[in-house]
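Participant: These are the residues of each chain, in order.
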Amino acid sequence: MFPSQFDYHRAASVAEAVELLSSLPDAKLVAGGHSLIPAMKLRAAQPSALVDIGRIPGLSDVSRDGDSLVIGALATHAAVADSAAVRGGCPMLAETAAAIGDIQVRNRGTIGGSLAHADPGADYPAAMLALGAEVTAVGAGGERTIAASDFFVDILTTALADNEVITSVRVPCAAGGAYLKHRHPASSYAVVGVAACVGMDGGNVGSCAIGINGVTGKAVLADAAAAALCGGPADADRIAAAAARVGDAFDEPLGDLYASGEFRAHLAGVYTKRALALAAERAG
Amino acid sequence: MRHRVCLTVNGKAEEFDVEPRLLLCHLLRAYVGLTGTNIGCDTSQCGSCTVLMDGKAVKSCTVLAVQADGSEVTTIEGLAGADGLHSVQQSFWDNHGLQCGFCTPGMIMTAVEILDRNPDASDADVRHGLEGNICRCTGYENIVKSIVAAGARQS
Amino acid sequence: MGRYVGTSVKRVEDPRFIQGKGRYVANIQFPDMVYVAIKRSPEAHARITRIDTSAAAAMDGVVAVFTGQDFKDGGCGSLPCGWLVPDTKVPDRPIVVTDRVCHVGDSVAVVAARTPYIAADAVEAIEVDYEPLPTVVDARGAMDEGAPLVHAEIEDNVSYHWALGDQEACDKAFAEADEVVEVELVNQRLIPTAMEPRAAAAQWDAASEEMTVWTTSQNPHPIRLLLSAFTLGIPESKLRVISPDVGGGFGSKIFHYPEEVIVPWVAREVGRPARWVATRTESQMTDSQGRDHVTVAKLAMTSDGAFTGLDVETWANQGAYLSTFAPLIPTALYITLLSGNYKMPGVFGKVHGTLTNTVPVDAYRGAGRPEAAYLVERLVDLAATRLGRDPLDLRRQNAIPKEDFPYQTPVAFLYDSGDYDRLMTTAADRADYAGMRQAQAEARAEGKLRGVGVVCCIEASGPAPSAVAGSLGSAVGFWESGEVRVHPTGQVSVFTGSHAHGQGHETTLAQVVADELGVPIESVEVVHGDTGRVNFGMGTYGSRSACVGGSALVRSAEKVRAKVLRIGAHLLEAAEEDVVYDRDTGRVHVKGSPDSGKDFGELAFAAYTAHNLPEGMEPGLDFVSFYDPANFTFPASSHICEVEVCSDTWEVRILRYVAVDDVGKVINPMIVEGQLQGGIVQGVGQALTEIGAYSDDGQLLSGTLLEYAVPRADLLPGIEVDRIETPSPHNPLGVKGAGEMGTIAATPVVANAVLDALAPLGVTHIELPLTPERIWRAVQAAGNGA
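Top to bottom, those sequences are chains P, S and U.
In terms of this note's numbering, the first sequence opens at residue 11 and continues consecutively.
In terms of this note's numbering, the second sequence opens at residue 2 and continues consecutively.
In terms of this note's numbering, the third sequence opens at residue 1078 and continues consecutively.
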């Protein structure tokens, strides 16, 4: 309940944050703090310093840019869920944000923080993968863009360098998307979360992507399942056949007291089926 | 290293000299003496410590006091106006929305946000809206009733 | 009936809670207070080979660091067990261990510091070396040959064996049975999880040698007694224990805990007020836990469905030490309830209380009775399946008929009153049971897994006749005290030994006394939870406050009325038999002339001026009664639940929940309904989400609220509550306990509904909680791949 001691620095700019992170050993970034502070209260995380980027101006904007949405790293889950631009351009992203935690958590937690923490039970990663989002980060070497598929490296591990700061996420708009989640009854994390994107080409599925979190240490794309759906109609049989392929995406499913890896893999199939059906329906 | 934090708590501006690790809930309870904000867990699950920060419900156990610098915080003690109880407080009393009272401040503060977002919240909306709050006494039945009734009164 | 009893008076305690003015122990703060934190064992069983507190002690802001030896040398006695069945083996339970830890969370060292943050730093800085020892966690496995011993001196890890019932009649029933159904089941461990974590604070007055202890207890007087006689050694006359507002208990705050000794001991040692507040994680690993039975049982019956015998063997996990009332729960509160609501001549049960490397187990809401109800009600459903009978119909056939009350069961209890058939038919009507079955048939035809559960459950509440408790192993009596003090102005202070931690006693007991005296409820104040103000009390658990505490107040109010009547007659210059005490108005007047009487206030004032009292009467108007109940009371319930199990995620969705309860006369319907609703959701939690799980090496796997799934608001769609009333014949209020009935009935009714839903798939048993994965696996095991 009582974090150990640390120094606190409030960064006025991204450049200052990068500089602080580069100069302070064991420093951590904090924005909303809803991944980090709970870990610090249990003393599972004991950073020597926090660099607070929560007040850097311009990082919380959510806007439409052509066929994409640009979400500032400091946009809260509530802001994303409530954003008219997001709901209009990418309903699945709003759905994902609304599925995170609870009202109080959504009011504080940020998209940048959630992605950087890369919790296996987090909700955003599956959506980012399925949507083909790009993470923009600034580090000592300047700004770079990281594809979501390259971003999630392992459990609680991303492609970010220690002194890199996520500034925004660019998410392609997609009408035909759905995020469905099996919520852990205690923690509210995703036991399984499936983000499905379906693009129709006439009466057939022209494109499909399926991101899954909760099952393995990092969120994954179920490419075999997605490929199986393409090239034909999104009918129940084809969706079921595609969903049956999700297991290919899991190396080592994680288990806990509530759900074993085996059961998570089973649930992933079920939720994939449902998410694909809903995404296809939305794709029209 | 200590930091100066300025907060407006229940309408009153105050300054505090704090360690960066001090949680907002502890600042409210130990420094301001507002013990209505209860602490029921240490993993941000129970919602007992919910307060309004700049008008939004947050779990004060998961906010560092230094992060709250410059904010307006409303606790259960500051919810009612000069004219008596806030309509949500009144509704909890009228509908037996509490038993031991420990989760109640957090429930009421969360209810304020639920109704702020949707005064016509249905029974199911309220049950969903309370996903971040735990009550062990009431079975939620009368909490839900209290919040729906308060919404009906507001709208 | 009076003006208040039977009506839903709004709670007088609420204004402070809804405005954030609750007076919880964690809110107590003194300027020079030290904050206590406790080093907890991460090991389930280990020898301590080294403790180094030097780094902690040297930290800035640390006031003192203590180890187990300090407490031992400082005069602290071990924690006693207050309920011993014959030949109970009681392991020593020190306040802080010295050489060996026996469960995760066992206390190893204590820090006092200037702030709780520094105290947490110091706890982390204490170095402890552990030499791990083999562990045992399973109730039945603890008795296996070669199982590691939790305490070397306690053979086979058996604390006690206990049995009750008519074994001969039981054997005969099985020998002659047409049908027998058997079950082996686990009643899983639960973590009570009152929302307020436990806490204690203390202030020592060195000049007067008086100690005040604030503690989150359901029963401050017994805690004072134990502190004085066993653990802290301060005379009761110098020790004041206060349990102010307590944020829920559910049994977990009955018991005497090490921290209640540690905090006052530290306060005296460092000469400053001290406070300890558990973190949630600390509470989950140190609050006594509940249930944890493994049971093998069988039910005998005739071919036409009459139950004839029940044979039960249970292994009850008591944890690493015996908590204050631990042996009571699986004995006199469990085996005694195995007859359920049914006529069964041959009931016999035996229990083995075993010790394991887990947190101690004691009463948790229902305490023994839910374990019995779950077992009996599962067996009845299995019997219905075996016989091809409707489960409601089979229950009605076997229910004790109302004309048989009082009813003597084969397992000691004499049920006071009841009408189980009406209870069940009321529930069936309210739920439209026939319609539910019809809807179920239609849903099944569509391939849906729809189930209907029905139960009829019994509870023994309002403990207990003291002599009976004593004969069963109790070290204390279970009467209650109630004082009615009428002030000279006619205002009334009521002092009760019961303790409210959510139950609303300040309202309901005021309703009772206001009606007894005929005074406005606003003039009645209820005082509880303070040994400095209430003369004595046994506290609140076992749904006893109205039955026993309320009855004590009725007795005192009767004494007040009798004295007021005498004073009134004297002042009205009439014979006592010619005046009446009007309980609607509190006035005493001459029979037939209500206008020429004396007000309650006038008569109270006269009692204190004592200018003109009847010959020989003492002044004052203040009476205490100690009420020892003649029997337990026996609430009953019939609940019906409709569920649907999702055939791919295997989630259970509750569609409807109907509860009809008989808790005797009802003082405040709003409060009683609230008790039932809350109890029901806790019972549903056991059925669907909650489990206190340990790994084989004794690690608590659900030690935080990230793992332990307390029900949330969306677990149920709502609860429909109704009731019938069969008054208890042996207490003056006619009341029975209302606090636990909901919990007792809810677990089996949900389990029955889910298993009914899964019946077409060939599933007959799944251990609780019925999580999606457990259902999925059971369906697969039954040969239905999914």
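Keep in mind that the hints were calculated from the coordinates and are not lab data.
Keep in mind the model is a prediction, meaning the values are calculated, not measured.
Hints may contain errors.
Said to hold, decoys possible - A few chain U residues that face chain P, going by a derived Cβ cut-off under 7 Å, partial list only:
#1 Y1194
#2 I1319
#3 T1766
#4 D1774
Just so you know, even glycine gets a beta-carbon here, dropped at the ideal spot from N, CA and C.
Participant: Indicate, hint by hint, whether the structure satisfies it.
Facilitator: Hint-by-hint comparison with the structure:
With its C-beta approaching chain P no nearer than about 5 Å, Y1194 (chain U) sits inside the 7 Å limit, and its interface hint holds. The beta carbon of I1319 (chain U) is not positioned within 7 Å of any beta carbon in chain P (closest approach about 24 Å), and the interface hint is therefore violated. The restraint placing T1766 (chain U) at the interface with chain P holds, with a minimum CB-CB distance near 5 Å, inside the 7 Å limit. Below 7 Å, beta-carbon pairs count as interface contacts, and D1774 (chain U) has none with chain P, the closest being about 15 Å; its hint is therefore violated.
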